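**Student:** Okay, here's what each chain looks like letter by letter:
Protein chains: 2
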Amino acid sequence: MELIDGNKIAADIVAELRGAVAALPGRKPCLALVRVGEDPASVSYVKKKEKTAAEIGIESRVILPPPAITQPELFALIDRLNADPAVDGILVQSPLPEPIDELAVFRHIAPAKDVDGLGTMNLGKIAQDDDSGFVCCTPAGIMELLARSGVRLAGKHVVVIGRSLLVGKPFALLAMQKKPEANATVTVCHSRTAGLAALARQADVLIAAIGRPEFVTADMVQPGAIVIDVGVNRVPDPARKTGYRLVGDVHFASVAPRAGKITPVPGGVGPMTVALLMQNTLKAYRQQHPA
Amino acid sequence: MELIDGNKIAADIVAELRGAVAALPGRKPCLALVRVGEDPASVSYVKKKEKTAAEIGIESRVILPPPAITQPELFALIDRLNADPAVDGILVQSPLPEPIDELAVFRHIAPAKDVDGLGTMNLGKIAQDDDSGFVCCTPAGIMELLARSGVRLAGKHVVVIGRSLLVGKPFALLAMQKKPEANATVTVCHSRTAGLAALARQADVLIAAIGRPEFVTADMVQPGAIVIDVGVNRVPDPARKTGYRLVGDVHFASVAPRAGKITPVPGGVGPMTVALLMQNTLKAYRQQHPA
Numbered sequence: 001m002e003l004i005d006g007n008k009i010a011a012d013i014v015a016e017l018r019g020a021v022a023a024l025p026g027r028k029p030c031l032a033l034v035r036v037g038e039d040p041a042s043v044s045y046v047k048k049k050e051k052t053a054a055e056i057g058i059e060s061r062v063i064l065p066p067p068a069i070t071q072p073e074l075f076a077l078i079d080r081l082n083a084d085p086a087v088d089g090i091l092v093q094s095p096l097p098e099p100i101d102e103l104a105v106f107r108h109i110a111p112a113k114d115v116d117g118l119g120t121m122n123l124g125k126i127a128q129d130d131d132s133g134f135v136c137c138t139p140a141g142i143m144e145l146l147a148r149s150g151v152r153l154a155g156k157h158v159v160v161i162g163r164s165l166l167v168g169k170p171f172a173l174l175a176m177q178k179k180p181e182a183n184a185t186v187t188v189c190h191s192r193t194a195g196l197a198a199l200a201r202q203a204d205v206l207i208a209a210i211g212r213p214e215f216v217t218a219d220m221v222q223p224g225a226i227v228i229d230v231g232v233n234r235v236p237d238p239a240r241k242t243g244y245r246l247v248g249d250v251h252f253a254s255v256a257p258r259a260g261k262i263t264p265v266p267g268g269v270g271p272m273t274v275a276l277l278m279q280n281t282l283k284a285y286r287q288q289h290p291a
Numbered sequence: 292m293e294l295i296d297g298n299k300i301a302a303d304i305v306a307e308l309r310g311a312v313a314a315l316p317g318r319k320p321c322l323a324l325v326r327v328g329e330d331p332a333s334v335s336y337v338k339k340k341e342k343t344a345a346e347i348g349i350e351s352r353v354i355l356p357p358p359a360i361t362q363p364e365l366f367a368l369i370d371r372l373n374a375d376p377a378v379d380g381i382l383v384q385s386p387l388p389e390p391i392d393e394l395a396v397f398r399h400i401a402p403a404k405d406v407d408g409l410g411t412m413n414l415g416k417i418a419q420d421d422d423s424g425f426v427c428c429t430p431a432g433i434m435e436l437l438a439r440s441g442v443r444l445a446g447k448h449v450v451v452i453g454r455s456l457l458v459g460k461p462f463a464l465l466a467m468q469k470k471p472e473a474n475a476t477v478t479v480c481h482s483r484t485a486g487l488a489a490l491a492r493q494a495d496v497l498i499a500a501i502g503r504p505e506f507v508t509a510d511m512v513q514p515g516a517i518v519i520d521v522g523v524n525r526v527p528d529p530a531r532k533t534g535y536r537l538v539g540d541v542h543f544a545s546v547a548p549r550a551g552k553i554t555p556v557p558g559g560v561g562p563m564t565v566a567l568l569m570q571n572t573l574k575a576y577r578q579q580h581p582a
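The listed protein sequences correspond, in order, to chains H and U.
Going by my numbering, the residue at position 24 of the first sequence is 24; the numbering climbs one at a time, nothing skipped.
Going by my numbering, the residue at position 267 of the second sequence is 558; the numbering climbs one at a time, nothing skipped.
These are computed hints drawn from the structure, not numbers from a lab.
Be aware that a few hints might be false.
Unchecked claim - Using 25 Å as the maximum straight-line C-alpha spacing, the simulated DMTMM-like pairs for lysine to aspartate or glutamate come out as follows:
#1 U:469 with H:214
#2 U:469 with H:129
#3 U:469 with H:101
#4 H:179 with U:393
#5 H:178 with U:293
#6 U:552 with U:293
#7 H:261 with H:219
#8 U:469 with H:98
#9 H:178 with U:505
#10 U:552 with U:421
#11 H:178 with U:392
#12 U:470 with H:219
#13 U:339 with U:329
#14 H:179 with U:392
#15 U:470 with H:101
#16 U:342 with U:307
Said to hold, decoys possible - Here are a few chain U residues that face chain H, going by a calculated C-beta distance under 10 Å:
#17 409
#18 413
#19 424
#20 464
#21 468
#22 469
#23 481
#24 482
What the hints assert, rightly or not - Okay, the calculated beta carbon distance ranges per label pair:
#25 U:482 with H:62: 45 to 55 Å
#26 H:11 with U:580: 50 to 60 Å
#27 H:234 with U:375: 47 to 57 Å
Nothing here was measured: the structure is a model prediction, and the numbers come from that model.
Even glycine gets a Cβ: it sits at the ideal position worked out from N, Cα and C.
Let the sequences and hints guide you as you build the complete structure.
**Tutor:** The following block contains the structure:
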């Protein structure tokens, strides 16, 4: 079993981006990070994004509207960022508090600045095998993690557990693209799937993105399979100062010995997501400032 | 084995649409059909669409630009149709002659008039489980065919052979939507898939959309499976006046005895595609003329 070190691979990408940003003439790329409310995970994610941007030399603009902001007010805020020539990318941190319609907010971001890739246009472009858009950061991060770990998808059977808009569906579309780095056979399973364990066992590459702590157990994994754990679940742990620990969607202790390669949680997919957000921000900048 | 009669089911939908259109106040829905060149299949498809529109009471406007039309000229034509308040839906018949970029043309149609559903916005909406858009007619037709044949997808394993933009990918996204009529587990196979026969044999519902005559043989089909044949292939047949006959992507003679239900070619998916185009045109009309 080989551990896929997401921290290391993400650090490589961050270093590459730092070099690329340093070579840019004129102003640096700018990413607007909008966070509504004080969800502890959101606070920590936005902090991490801000820190990584700073490391690369990307300017970040953290915007913290009042937690009671209405949907029209949030739209107006996004309108201003869409129109601001000094802003290249816009990310609205999920989850948004009720009763805001999160999807409507993602869609309100101009496609050219939608570096989180959750708007309709950027999703549709993945289905059209079109590289000009922004691929949502988690699936893009998984593709990069696989490529930089020497995993070739072509002809392989990829089984994705979970059909979310943020991970399962876009990753499935990416992996089945008609491209040398893709060309996978793809199965998408989910909570309603009959015989999920038997399907998962067919996977050459298994993507666990169902959002249930330690859902994938050893009996669901083919010996030698590549296992990518997208889950980030907080489970109570009185032994910790924080009162919780993070576990993935994979029962690591039992699965790891069977897997060919596996990502840990934390330190697997998580850091990749942040690195790919920065890559998308640089791409947005370049598209808006053609050389 | 039960034959799924696409002609009968499409005729039911056409009758329903005729009733709905008759009840509309004011002008009738209008569909612009743009055909470039004299590809014989395109000529026959557009004729069929024109005829079905007339049966329903939908006005059709067949536009036959010169075969040597350039891409900018075709864009300008679409711009005029996009801006024309008397036109509700626009279909540009595929295939377009070289060197026109077909995808760019589909994307040029305003999303609100893209009744063929091949533009980026309408594809992205399927991935977002959003019903406000237009689902491309063939996948929408297959969903309707299954529903009206009493086939429930929830929890079933759907295997799609073929990952095209027109059928395989949008159908996969539709079948995995979080909706009572969907909720399927979905596998997408294609020309690069290793072990395709074994995967196809797992299908409760098998969608053959790979564009190869009689590709699916009996050994690839689980006894009792529902088999939907999307293929329309012309194979030479000197015994026919036309010199060819139509065959599907399924070897009907050997597969039919094993299947639970199966669609014939012709008379299966084909007529459904036309019926769903009309349904989309009525939907476009209603969205543009709210009651």
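**Student:** If a hint holds in the structure, say so; if it doesn't, say that too.
**Tutor:** Do the hints match the structure? See the list:
Restraint check for residue 469 of chain U and residue 214 of chain H: satisfied, since their Cα atoms lie roughly 23 Å apart, inside the 25 Å limit. Of the pairs offered as hints, the one joining residue 469 of chain U and residue 129 of chain H holds, with about 24 Å between alpha carbons and a cut-off of 25 Å not exceeded. Taken as a hint, the residue 469 of chain U and residue 101 of chain H pair is honoured in the structure, with Cα atoms around 17 Å apart against an allowance of 25 Å. Taking the CA atoms of residue 179 of chain H and residue 393 of chain U, the gap is near 19 Å; set against the 25 Å cutoff, the hint holds.
Under the criterion of a C-alpha separation no larger than 25 Å, the hint pairing residue 178 of chain H with residue 293 of chain U is inconsistent with the structure, at around 35 Å. For a cut-off of 25 Å, the pair hint linking residue 552 of chain U to residue 293 of chain U stands: about 5 Å separates their Cα positions. At most 25 Å may separate the alpha-carbon atoms for a hinted pair to count; residue 261 of chain H and residue 219 of chain H meet this at roughly 16 Å. A C-alpha spacing of about 21 Å is found between residue 469 of chain U and residue 98 of chain H, which places the hinted pair at or below 25 Å, so the restraint holds.
Proposed proximity of residue 178 of chain H and residue 505 of chain U is supported: the alpha carbons are some 23 Å apart, at most 25 Å. Using a Cα cut-off of 25 Å, the hinted pair residue 552 of chain U and residue 421 of chain U is violated, with the two alpha carbons roughly 30 Å apart. A C-alpha spacing of about 17 Å is found between residue 178 of chain H and residue 392 of chain U, which places the hinted pair at or below 25 Å, so the restraint holds. This hinted pair does not check out: residue 470 of chain U and residue 219 of chain H have alpha carbons roughly 29 Å apart, beyond 25 Å.
Our distance criterion of 25 Å between C-alpha atoms is met by residue 339 of chain U and residue 329 of chain U, whose separation comes to about 15 Å. For a cut-off of 25 Å, the pair hint linking residue 179 of chain H to residue 392 of chain U stands: about 19 Å separates their Cα positions. At roughly 19 Å between alpha-carbon atoms, residue 470 of chain U and residue 101 of chain H fall within 25 Å of each other, so this suggested pair holds. For the hint linking residue 342 of chain U to residue 307 of chain U, the alpha-carbon distance of about 16 Å falls within 25 Å, and the restraint holds.
Given hint, residue 409 of chain U at the interface with chain H, holds; its Cβ is 9 Å from that chain's nearest Cβ, closer than 10 Å. Interface hint status for residue 413 of chain U: upheld, as the beta-carbon distance to the closest one in chain H is roughly 7 Å, under 10 Å. Annotation: interface hint on residue 424 of chain U holds; nearest CB of chain H at approximately 8 Å, less than 10 Å. Satisfaction of the interface hint for residue 464 of chain U is found here, the shortest Cβ-Cβ separation to chain H being roughly 7 Å, below the 10 Å cut-off.
The restraint placing residue 468 of chain U at the interface with chain H holds, with a minimum CB-CB distance near 8 Å, inside the 10 Å limit. With a least beta-carbon distance of about 7 Å to chain H, the hint placing residue 469 of chain U at the interface is held under the 10 Å criterion. A distance limit of 10 Å between C-beta atoms decides the matter here; for residue 481 of chain U the minimum to chain H is near 7 Å, and the interface restraint holds. Of the supplied interface hints, the one on residue 482 of chain U holds, with its beta-carbon coming within about 9 Å of a beta-carbon of chain H, less than 10 Å.
Checking the proposed 45 to 55 Å range against residue 482 of chain U and residue 62 of chain H shows it holds: the Cβ atoms sit about 47 Å from each other. Taken as a hint, the range 50 to 60 Å holds for the pair residue 11 of chain H and residue 580 of chain U, whose Cβ atoms sit roughly 56 Å apart. Our hint of 47 to 57 Å for residue 234 of chain H and residue 375 of chain U holds, since their Cβ atoms are close to 55 Å apart.
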